[in-house]
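Chemist: First to last, the protein sequences are chains A and B. Using our numbering, the first residue of the first sequence is number 1, and each one after it goes up by one. Using our numbering, the first residue of the second sequence is number 1001, and each one after it goes up by one.
Take the hints with a grain of salt, since some may be wrong.
Said to hold, decoys possible - Partial selection, computed: residues in chain B whose CB lies under 8 angstroms from chain A:
| no. | residue |
| --- | --- |
| 1 | M1208 |
| 2 | V1209 |
| 3 | F1211 |
| 4 | G1247 |
Said to hold, decoys possible - Lysine to aspartate or glutamate pairs mimicking EDC-like chemistry, simulated, CA-CA at most 20 angstroms apart:
| no. | chain 1 | residue 1 | chain 2 | residue 2 |
| --- | --- | --- | --- | --- |
| 5 | B | K1271 | A | D103 |
| 6 | B | K1508 | A | E104 |
| 7 | B | K1524 | A | E100 |
| 8 | B | K1508 | A | D95 |
| 9 | B | K1271 | A | E106 |
| 10 | B | K1524 | A | E106 |
| 11 | B | K1524 | A | D103 |
| 12 | B | K1524 | A | D95 |
| 13 | B | K1271 | A | D95 |
| 14 | B | K1431 | A | D103 |
Stated by the list, open to error - If you want a taste of the chain A side facing chain B, the calculated C-beta under 7 angstroms gives, among others:
| no. | residue |
| --- | --- |
| 15 | I65 |
| 16 | R102 |
| 17 | M105 |
Because the hints were derived from the structure by calculation, they are not lab data. Remember, predicted model here, so these are calculated numbers, not experimental data. Just so it is clear, CB atoms sit at the ideal spot from N, CA and C, and this is done for glycine as well.
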Amino acid sequence: MTTPDHLADRSIAVQASPEFQALRRSFFTFILPLTVLFLLWYLAYVLLAGFAPDLFATRVGDSNITVGLLFGLGQFVTTFGITMAYRSWANKRYDPHAAELRDEMERGELDGPVAGEEAAR
Amino acid sequence: MSDEINPVINMVVFGIFVVATLIIVFRVSKRNATATEFFAGGRSFSGPQNGVAIAGDYLSAASFLGICGAIAVAGYDGFLYSIGFLVAWLVALLLVAELLRNTGRFTMADVLSFRLKQRPVRMAAALATLVVCFFYLVAQMAGAGGLVALLLGLSGPVPTGITVAIVGVVMIVYVIVGGMKGTTWVQIIKAVLLVAGAGILTIVVLVMVGFDFSELLQRAVDASPEGEAILAPGLQYPNPIDFLSLGLALVLGTAGLPHVLMRFYTVPTGKEARRSVVWAIWIIGIFYLFTLVLGYAAAAFVGPEILTDPSTPGGQNAAAPLLALEIGGPVLMAVISAIAFATILAVVAGLAITAATSFAHDIYASVIKKGQADPKQEVKVARRTVVVIGVIAILGGIVAQGQNVAFLVALAFAVAASANLPTILYSLFWKRFNTTGALWSMYGGLASCILLIVFSPAVSGGPKSMFPGLDFDLFPLSNPGIVSIPLAFLLGVVGTFVGKPEADHDAKQAEMEVRSFTGANAAKASDH
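This is chain A alone, in the form it adopts within the complex (with noise of 0.2 angstroms):
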């Protein structure tokens, strides 16, 4: 049988690997930078759209499309754009990493009770 010790020994093992800090890292410096920047681009937006209604009311040509509907729709763009890159990095670059080091957290209980009941306390 497991104990929660043995599965806290473990924990803390894989914690402090290599393997385990390079994918955290990996996670961040691809995450970290994407939030900071559809936050901003977010807030830059919402601000712009308070306190320079002018500029969002400008025309773009002589059509009734202004240029507050462009920088709207801006944000659908880069919504769907930040979720694609996402998806194509995690797909490529993160889940075959994180799917070996799972297999190395779960081989260490196999003879142990089995997943998720241990959270459920």
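With chain A fixed as given, assemble chain B onto it according to the hints.
Modeler: Frame of chain A; chain B shown alone:
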């Protein structure tokens, strides 16, 4: 207008939806469902299926009727809502969905209490869940009452009360019989109908203006008493700080909405949770592009004057159904209205199962029974809780008739962003974070949010307030987000430095971090 509305067609179309979904719910449900079956649909849904269901849960009456109406009347400011609602999904996708799926089993509190002191943290998380669900539920119920006024040409407290009660009872049956599995199928059916209905309406509108969006805007400007002002921000939110506060609550609220978070547990793995969010973002984004067209089309073809006329049943919220009537006749209107009703019904069911699960799993099993509850008993408690929640929602919905639906939903988002999101992020990413920090942040966020709402102009002091006769609006903004969200983040830090870590802090933190990042030992689909 109401002589063109045919209540019989409306009721028949809606009746067909209710009967069809009830048959499906009875067929997919299992008798004596296990806890995983009842609370998480057996974790058997695929990413795309769950993505559609997430869109079904998320695209509530506020998204469809509310945004169309807001764009029709206030123009560009209505569009700002949809942008906040959409961009918010990036927080869920990048920072929360997979890590949460890898760590928890049934509820948000599973994750928050993973490495902190079980009972107090679960209690706080469950309370925040119940408060968010309550405001959201009441908002949907208030929307249902307004819609029936339009659909059946009836108004007054009795028909409205009966409608709200019918919505409540059908929802109770969905959840008690179908559990998470049945509720998820209702969401999927509803999402497909909603997006298809809005899509067809959008195509009809675009054909009418020769696929020239600029032409549509011109017609909207011509029809609006505000003229060109509807093409720029500022009509609904003249105060930019007010808008900033709302914008913060919207973008940070989604990833803290318990009924959205709970959907991540219905898929077998973290990777499927990711796929489901990707699907949801595409569906939700495309839907909001439809509402942009439909909102301006309602301004152009129905006219803001009719929508703001107090004698129009349903008022601003009737923009989408009235547009359907204008361009497609009574049958199209019946279809669109039935879809709007279905939307309310499905969202209410999703909220009810979330609240019931949180009560049964967090408060009953963990706090009252100290983790010694039999899972069968837990499911039984959840089923009974659904009835209680249904009754509260019916009563709350009747009391809230005529209240501003968007205000109630924005309040739910503000509570989610203040009480839930800081603790979710800290417990996932900040090693030192401890129980004191979690409790300060959750209770501080919850309390400041509710207090600021009570003292806001949304409750008293203005013509559109809940109590226009009273005057205690000490806080100038209608959404508390700009104060309560940073405050909750700050309290999490201060509490952490004031409090002491648990004895097993490092081990539990290591276990949670390894588990959330790698998916090791995550709750499996076959976990009975």
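Chemist: Each hint should be assessed against the structure and marked as holding or not.
Modeler: Okay, the hints, checked on the actual structure:
1. Because the beta carbon of M1208 of chain B sits about 16 angstroms from the nearest beta carbon in chain A, more than 8 angstroms, this interface hint is broken.
2. Checking V1209 of chain B against chain A: minimum C-beta separation of about 11 angstroms lies over 8 angstroms; hint violated.
3. Taking 8 angstroms as the C-beta cut-off, the interface hint given for F1211 of chain B is violated, the closest approach to chain A being about 13 angstroms.
4. Satisfaction of the interface hint for G1247 of chain B is found here, the shortest Cβ-Cβ separation to chain A being roughly 4 angstroms, below the 8 angstroms cut-off.
5. Between K1271 of chain B and D103 of chain A the CA atoms are separated by roughly 15 angstroms; this keeps the pair inside 20 angstroms, and the hint holds.
6. With a C-alpha separation of about 18 angstroms, the suggested pair K1508 of chain B and E104 of chain A falls inside the 20 angstroms cut-off, and the hint holds.
7. With a C-alpha separation of about 18 angstroms, the suggested pairing of K1524 of chain B with E100 of chain A holds against the 20 angstroms cut-off.
8. Using a Cα cut-off of 20 angstroms, the hinted pair K1508 of chain B and D95 of chain A is violated, with the two alpha carbons roughly 23 angstroms apart.
9. In summary, the hint linking K1271 of chain B to E106 of chain A is supported, as the alpha carbons are separated by about 17 angstroms, within the 20 angstroms threshold.
10. With a C-alpha separation of about 13 angstroms, the suggested pair K1524 of chain B and E106 of chain A falls inside the 20 angstroms cut-off, and the hint holds.
11. For the hint linking K1524 of chain B to D103 of chain A, the alpha-carbon distance of about 14 angstroms falls within 20 angstroms, and the restraint holds.
12. Our distance criterion of 20 angstroms between C-alpha atoms is met by K1524 of chain B and D95 of chain A, whose separation comes to about 18 angstroms.
13. Restraint check: the Cα-Cα separation between K1271 of chain B and D95 of chain A comes to about 8 angstroms, which is no more than 20 angstroms; the hinted pair holds.
14. Restraint check: the Cα-Cα separation between K1431 of chain B and D103 of chain A comes to about 24 angstroms, which exceeds 20 angstroms; the hinted pair is violated.
15. A least Cβ separation of about 6 angstroms between I65 of chain A and chain B falls short of the 7 angstroms threshold, and the interface hint therefore holds.
16. Evaluation of the R102 of chain A hint against chain B yields a held restraint, the C-beta minimum of about 4 angstroms falling below 7 angstroms.
17. At a threshold of 7 angstroms, the smallest CB-CB gap from M105 of chain A to chain B is about 4 angstroms, leaving the interface hint in force.
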